[in-house]
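Colleague: Each chain, written out:
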Amino acid sequence: MTAGVDLGPQAQAIRSDEDVVRVRQLVRGVAVAVKLSLVDQTKVVTAASELARNTLVYGGGGSVEVTTVDNGRRRGVRIVFADSGPGIPDLDLAFTDGYTTGSGMGLGLSGARRLVDEFEIETSAETGTRITVTKWSR
Amino acid sequence: MERVPILKIGDILLVSIQLDMSDQTAVALQEDLAERIVVTGCHGVIIDITALDIVDSFVGRMLSTIASISKVLDAETVVVGMRPAVAITLVELGLSLNGIRTALNVERGMELIAAARADELEYQLDDDPDAETATP
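Going down the list, the protein sequences come from chains A and B.
In this text, residue positions in the first sequence follow the working numbering: the first is 1, and each later residue adds one.
In this text, residue positions in the second sequence follow the working numbering: the first is 1001, and each later residue adds one.
What the hints contain is simulated information worked out from the structure, not anything from laboratory work.
Glycine is no exception: its CB is placed at the ideal position from the N, C-alpha and C atoms.
Hints may contain errors.
What the hints assert, rightly or not - Facing chain A, a subset of chain B residues (Cβ under 8 angstroms, in silico):
{"#": "1", "residue": "Q1024"}
{"#": "2", "residue": "D1053"}
{"#": "3", "residue": "F1058"}
{"#": "4", "residue": "I1088"}
{"#": "5", "residue": "T1089"}
{"#": "6", "residue": "G1094"}
From just these sequences and the hints, can you work out the full model?
Modeller: Given below as structure tokens:
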């Protein structure tokens, strides 16, 4: 496999609406660099948009880190969202389509999970919420 | 905050979203559009999303809300120009865009609005017995 452009980790604070837009642009740039298909780029950017908004609205702001990953066969994009908000008390409920404590449609978490290949979440009232998602090239 | 321009073309308001909108910009568009429908008395709204890379749940909800608001204000909304990758992603995300009419491009969107308008006028005329002789 030929070595592509290796982008180091790129970080972005999430403090405002405008930062959510910046997260989308950052993720798109990395998704293009690792040569995801157009549909996969669209999926991962959409998932990132949902999760960045959650970080802002429910986590009270936080940060995101975008990195390229390589498992020897495929390349991909990994995104880590972290906030030090109140955590998610009932994860099962939070992953239910249509459930929301805010003013959204309740599709953010569950929808974002469907759009990526790997999805991990750690959440607690003490440490806040950390979500890691990965999308691999086909 | 950036604002999305709204153009008036005949009886139709045309909104072509050309930027990656922040949530605030999306909410402002909703309000600006409601205002313009009332001020202009237009009966159709076309929202062109050809330039949008993604439609997430926030923008999806904004489109649904605009369609509902314009319905109440006696205007039809048609969303045009959705990219195939956006459509695939929307469905997987679980967003159904309830109550939104879509067309492939602006031209078909205008036809759709004209047809919906004609149906409605005919219906109103049918209701009014005096109008029957006036119908060609």
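Colleague: With reference to the structure, classify each hint as holding or not holding.
Modeller: So, going through the hints one by one against the coordinates:
1. Q1024: 5 angstroms, holds
2. D1053: 7 angstroms, holds
3. F1058: Result: holds, 6 angstroms to nearest chain A Cβ.
4. I1088: Constraint on I1088 of chain B satisfied, holds at 6 angstroms.
5. T1089: 5 angstroms, holds
6. G1094: Because about 5 angstroms separates G1094 of chain B from the closest Cβ in chain A, which is inside the 8 angstroms limit, the hint holds.
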